[in-house]
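A.B. asks: Residue numbers (the numbering used here), protein chains in the order written: chain A, 209 to 642; chain B, 53 to 582.
Worth double-checking, as some hints may not be accurate.
[To be verified] Heads up, simulated DSSO-like pairs for lysine-lysine below, C-alpha to C-alpha not over 30 Å straight-line:
| no. | chain 1 | residue 1 | chain 2 | residue 2 |
| --- | --- | --- | --- | --- |
| 1 | A | LYS287 | A | LYS318 |
| 2 | A | LYS275 | B | LYS347 |
| 3 | A | LYS604 | B | LYS527 |
No lab work stands behind these hints, which were simulated from the structure alone.
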Amino acid sequence: MEHIVIIGNGISGVTAARHIRKLSDKRITIISAETDHFFSRTALMYIYMGHMTYENTKPYEDWFWKKNRIELKKGYVKKIETESKTLHFAQGDTLQYDKLVIASGSKPNKFGWPGQDLKGVQGLYTKQDVDQLEIDAPNNKVCKRAVIVGGGLIGIELAEMLNSRNIPVTFLVRESSFWNSVLPEGESQMINRHIKSHHIDLRLSSNLKEIKSDENGNAKSVIVEETGEEIPCNLVGLTAGVSPSIDFLKDSNIETDKGVKVNKYLETNITDVYAIGDCAEQQEPVNNRRPVEAVWYTGRMMGEVLAQTICGNKMPYNPSHWFNSAKFMDIEFQTYGWVYGEKDRPDYEKHFHWKHEDDTKCITVAYHKDTEEFLGINTFGIRMKHETFEQWLNEKRNVDYVVNNLKKANFDPEFYEHYEKEILATYENEYAST
Amino acid sequence: MNTPQPSMSLTKPEAFDLTTKQRLFTAIGLIGLLILVLAAFNVNFPYQPIVLTVALVMLSLGIILFANDLYLGKHAGIKNDGVMFKSISSRGLWAWLSGLALTGFYIVLYFEAAWLGLGQDGAENTGLVALFDPFSRLLNGGPASQWFVYGVLYTIAILAFGYKFLLKYRHNRYERLRTYSVMFFQLGFAFLIPEFMARLNSDSFSLPYYDLKNIWPLNYYNFHEYRVDSFINAGDIGLALLIFGILSIFVITPILTYKYGKRWYCSWVCGCGGLAETSGDSFRHLSDKRQFAWKIERWVVHSVVVFVVLMTTAVVYSYLGDDSSKYWLSKNTFLIGVATLLTIVFAWVMIFKRNQLAKDAKYGAIGYFVIILVLFGMHYFNGSNLFLFKAGTLRQTYGFLIGAIFSGVIGTGFYPIFGNRVWCRFGCPMAAILGFQQRLFSKFRITTNGGQCISCGNCSTYCEMGIDVRAYAQKGENIIRSSCVGCGICSAVCPRGVLKLENDSMKGRINSNDILLGNDVNLMDLVNQK
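Chain A on its own, in the form it takes in the complex (with noise of 0.2 Å):
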């Protein structure tokens, strides 16, 4: 029978696995050296702000795994050996793979700052890193102040933890304004009021320079790049994105880059390997996707794609129409098809943007500026839904098409106050004025 090995339980890795036991009876293993079972990592932050047990974040029960006969086997891949299809344990044992999935993930980027690797010092990304958090940051007399260096999604998460416990945070973002890389300016502007809303002490424009490290190899304080102020703090979360975790693959024969690199099969340089999910590095990205997706919905697509291609019919990973959410403190957001920030923005596009008087809700529509098409939208505090944006992104629908109709895409709850008459009012009112 032919063993399917796993690298990581993640959401890629799971998903293949799942799919491949439904698809066929082949002997299927999953190795992962962070957790016994499955969970979602994206709910971490929640075991930290007591909204959830670690239990709770787990997906499936526990007698799911050898009901459906997928083996779990904890260990940490310390070496690929391909031409014997071994896989080295750093334990010392080994196990024989006939074809090899790596779903290992990513890690926190650290991009050389003196003093990150003190105590003290973490990103936050595996289960480790909210027991170690747990154990840094429990309450606001243990950790009088945190810095949060990177303002991405993972910071955000992170202040919003800290502060569930009262814990003074200090954010660094690089960015003139949070996020800006990604959201366009008037989403962004409203999400760092929100943050300072929440008494975060949010800086913008400021880089880390050094962590200080006191007598016993604690971090102290961080020095900030721009102004050279020492912020002293017992916890510094390193949350400047995340890249792909393969250091592991270091000496095997797999090629990689950034992360391990594949075609639109999934499949390595090696017969037999491939790779999936955060870890992954498309040679030729679809659409305008980036070569290393680090997003759950991706790893999940890619699971679901490669379990087609392992049990004989072989499918290229073609996802649709991009979409992603977040939540921003308490701002829910969601994005389908392309709204670019100021930074990546294609000459052709163009946004409307609405905003609440309540300053918790806007959102923008991109289009194409000479054929007016519909390219994507972000909405912040108004939830929205992916199959009717899917289907008017299919339908190539036009931007007044789309902002006529919007309350066809609400997915509010029930009673919820509605905005489309206030959205298309604005966006008449815009119209009729260029």
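Following the hints, complete the assembly by docking chain B onto the known chain A.
C.D. replies: Frame of chain A, contents of chain B only:
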């Protein structure tokens, strides 16, 4: 099992301790409670009306001020910080203490009301019940009973904790309206109207205590002889109430459940639901999410339905005269009617809906149906007691096991340990009947939003009915479950806007996707069409 780490452990983060103000407000509430406890222990207070008012006001005020301090200083939004660490909501010491206290209270309430001071054999009330006498006289003209005391405390619990819930979910209009609704129905329908109705009673005219929103089989006693007699003796009004009681379950309930799902009752109207959603809100995450618990739930709750049907049939049958002088319905007509109704429902399900039943549900349905008919048959051919036991025995057993122990002692007493909907989930026959229809014949569903689920588990964690909502959401599958009471919390706590409670057409209501929206269109077609 989703066991929160008990906060008796040393690692509990102090960050989630109560603030000084919150301790003060807790103390105010507890002093209010203490006054009532002292009264129960026969401390005689002078100026009873004033003392009672002070006690009840302090009780309410403690809760209200606590809620203000907890929520008003923060942004509107999801407020579950520290739930899994706080002693009271994580099966810690406070949870066990309050669970024991509540359970003890229910046992005394149901079985030893004399301990609360209920006057025996026409004697004057003493203690706690006596403290409520002036208030009772004000409302209904008579002295208080243990049920009056319970009704007042129950109503205050729903109103005060309802206020807390309103603040907690002040950004969510669905939750707000729903909470106003349960507060209104408790105060008006369950408490004030029956008290005022009692005031209308005289020697020549008497209506039974009737909470109009309480529907058979939840009020399993509604068609017992003493009630039916007093309905009939009360003339047109009584007869109207009796007919309303019958219409409630056979006409009004099916229509509303078809249109809105069982939520119209369970989380908008029902008193048990009202208490669970307000006072019980802090314990909703304690429900057991295991598939094993779901299996037990299905057998237990449907067995209660069978029990209540048998019991009610037997009781009604026992007092129907063979002649038509008093009741126009004869024993045999009644039995044939019940059997016909059961057969119609059974046949409809087996003919039109059998594909939607799991294997155990089919076995269960057939099994129960056969048992009921055999019992009917045994009666016809042997003339023995209907259903082997005397009607009175069935009635008493049901009242004791289901009415008192299950719904009260376990259902509410164990809120801090098993969660706030144990009764609704495992015991309530009304919920089971509504759920049966909701699953098979209703426009209600919880819709999922394409591929947006991140499997975080907030929905499942905070589902008070123990439904593994995430299991559906991560498959892009609508949630259509008998037990769903439509509280809407899964949708509220979802950080990615994935869940929405909706009423829409029956067609395509149940769906399942192996590959979610957002992936390769060909792949989605290939896999999901199968």
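A.B. asks: Of the hints given before, which are not true for this structure?
C.D. replies: The structure conflicts with no hint, since it agrees with every one listed earlier.
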